[in-house]
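Undergrad: Below, each chain spelled out in residue letters.
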Amino acid sequence: MLKIKGLHASIDGKEILKGVDISVNAGEIHAIMGPNGSGKSTLSSVLAGKETFEVTSGEVLYKGVDLLELAPEERARQGLFLGFQYPVEIPGVSNVNFMKTAINEQRKYKNLPPISAAEFLKMMREKMAVVEMDNSFSGRGVNVGFSGGEKKRNEIFQMAMLNPTLAILDETDSGLDIDAMKIVAAGVNKLKTPDNAFIVITHYQRLLDYIIPDVVHVLFNGKIIKSAGKELALEVEERGYDWLING
Amino acid sequence: MKEKDYKYTPELPEEFKCKVPLPGTVQAFVTNGILREEITIDGGVSLKTHSGNGFIYEAKEGSCCKESLQVISFRNSQNTNDISIENELYFRKGSDSSLLLCTHTLSMDKFITQEVVNIEVEEGAKANIVVMQNEHNASTHKVDFRLSVAAKAHIKINVITLHGALLENDFNVKLRGEEAVCDLNGLYLVDGKQRVVTDISMNHLVPNCLSSQLFKGILDNSSVAEFTGRIVVAPHAQKTEAFQANHNLLISSNAKAYARPQLEIYADDVKCSHGATSGVMDQEGLFYMRSRGIGESEAKLLQQLAFVYDVLEKIDNERLRKRLYDLVESRLRGEFNHCENCSMNCC
Numbered sequence: 002m003l004k005i006k007g008l009h010a011s012i013d014g015k016e017i018l019k020g021v022d023i024s025v026n027a028g029e030i031h032a033i034m035g036p037n038g039s040g041k042s043t044l045s046s047v048l049a050g051k052e053t054f055e056v057t058s059g060e061v062l063y064k065g066v067d068l069l070e071l072a073p074e075e076r077a078r079q080g081l082f083l084g085f086q087y088p089v090e091i092p093g094v095s096n097v098n099f100m101k102t103a104i105n106e107q108r109k110y111k112n113l114p115p116i117s118a119a120e121f122l123k124m125m126r127e128k129m130a131v132v133e134m135d136n137s138f139s140g141r142g143v144n145v146g147f148s149g150g151e152k153k154r155n156e157i158f159q160m161a162m163l164n165p166t167l168a169i170l171d172e173t174d175s176g177l178d179i180d181a182m183k184i185v186a187a188g189v190n191k192l193k194t195p196d197n198a199f200i201v202i203t204h205y206q207r208l209l210d211y212i213i214p215d216v217v218h219v220l221f222n223g224k225i226i227k228s229a230g231k232e233l234a235l236e237v238e239e240r241g242y243d244w245l246i247n248g
Numbered sequence: 002m003k004e005k006d007y008k009y010t011p012e013l014p015e016e017f018k019c020k021v022p023l024p025g026t027v028q029a030f031v032t033n034g035i036l037r038e039e040i041t042i043d044g045g046v047s048l049k050t051h052s053g054n055g056f057i058y059e060a061k062e063g064s065c066c067k068e069s070l071q072v073i074s075f076r077n078s079q080n081t082n083d084i085s086i087e088n089e090l091y092f093r094k095g096s097d098s099s100l101l102l103c104t105h106t107l108s109m110d111k112f113i114t115q116e117v118v119n120i121e122v123e124e125g126a127k128a129n130i131v132v133m134q135n136e137h138n139a140s141t142h143k144v145d146f147r148l149s150v151a152a153k154a155h156i157k158i159n160v161i162t163l164h165g166a167l168l169e170n171d172f173n174v175k176l177r178g179e180e181a182v183c184d185l186n187g188l189y190l191v192d193g194k195q196r197v198v199t200d201i202s203m204n205h206l207v208p209n210c211l212s213s214q215l216f217k218g219i220l221d222n223s224s225v226a227e228f229t230g231r232i233v234v235a236p237h238a239q240k241t242e243a244f245q246a247n248h249n250l251l252i253s254s255n256a257k258a259y260a261r262p263q264l265e266i267y268a269d270d271v272k273c274s275h276g277a278t279s280g281v282m283d284q285e286g287l288f289y290m291r292s293r294g295i296g297e298s299e300a301k302l303l304q305q306l307a308f309v310y311d312v313l314e315k316i317d318n319e320r321l322r323k324r325l326y327d328l329v330e331s332r333l334r335g336e337f338n339h340c341e342n343c344s345m346n347c348c
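Sequences listed follow chains A and B, in order.
Taking this note's numbering, the leading residue of the first sequence gets 2, the next gets one more, and so forth.
Taking this note's numbering, the leading residue of the second sequence gets 2, the next gets one more, and so forth.
Stretch by stretch, here's where chain A covers chain B in the computed footprint (C-beta under 8 Å, at least three residues):
| hint | stretch |
| --- | --- |
| 1 | 277-289 |
| 2 | 292-301 |
| 3 | 304-318 |
Don't read these hints as lab results, they were simulated from the structure.
Remember, it's a predicted structure, so these values are computed and weren't measured experimentally.
Note that the Cβ used here is the ideal one computed from N, Cα and C, for glycine as well.
Put together the whole structure using the sequences plus the hints.
TA: In structure tokens, the structure reads:
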């Protein structure tokens, strides 16, 4: 589903990604771990199409298509989702309107008519239940006045609404207490099917107790220095990154 | 809304029907400064011809007449001279009424209009005024709002400026009686070479009054917006609360926003604040929306609507607010020429 080959990316002339290779198949969950500043968030931003980063070389094939050629909205319409580490507040745009606009823009792209009001409300209710979000959130401005945990739950809610093929969750667990983390993890597990895939970026092994990865990658200094099964996360938790960096 | 819900004053040509008003609203028309027909509404509101150009509005003592009257004032080819209009609005003791004032231009002639609106809000009266300005690219319109607000009176004015070559709204407010409240809000959308000027002089003459100002604008192309907001607190006007905010969103690097907050405070026990910003689109926000599949232009539109949202929220009447929200949206989409619900052929 996703093939990243020799990806180099920089910001303001500073190279952050120095040749990343990852291959993700449908039905898989990949975890990307790594110390601060290793390039984890840069990788997710580049995949989602943030224009502040410049891709200097390498390629990313998503469902056989050159992902880097697509605008951020086109990537989303083709089933890519980025769960933000720092979700943006949009005062004045209610969650309902935001989601309705997003869904209808995606439907328009697929030559589908706009979603009916009844169908949309039903979907809202169902998906809010997935992340145990209160209905009062729907009328509030996107992320406005939300606590850190609520913002992250809102990301998972949006993911549930948009039903992506490939979801990248950028440190969705940071700033979450254990209960909120369980809710987020349960949301991911409910949405997982043999046809979709997840890339979970995290600092801590803790989240991986709830979302069991098929592959764990360690990113350091812009490169994947180790890829292995879920046991790698446990080893990192126990021994830190030094043995990998120096080894 | 169904057609039959509206009441129109008689003998008005059909083509002037405006669908902004709410059910039960009575419309009055002012053509080139001349009131076409005097009106009296049950509940104590009347609209009469001013001895010069213009009209006199009166809400009688103790009357309660909400969402009652819309005055549509337009310029057309019948008189392309520069004109002066003087309107007087009296909100008598203890009255409670609201008024929608719309100004339009119906032909592409060059117009210069000078207007004075004297507003007297008597003790304990409540006045709620929405001003909607939608004029074409050769219309210069200056409005002087002169307000005198008595004790325990409450006036709110929301000005929505959609279009016009040079539109100037000046407010001179005198809070004369204790516990008077004045709430002034404005939204201006300018593009091309349009210019919108707002000049406010908020005078707290006595203690215990409250004033607040929220003015926001979106500027595109080479447009200009100027905002001057002066708050003067007299030496004895203790316990004054006065707030002012002016925020501009610049879509184009050629647009210019001038903000001049001026506070003159001569009392020592007051709560006053002011804030002025000029900013550009939030790239993080745009990326967030695009990452959800929302196209770039739609994302920009959403952000602009979000920017003006809090000013529109100041409009109390929900249906009117919704209507103006739609107008603002179609203005921002650049669809004004085919606004389905309006027969005014705006701009």
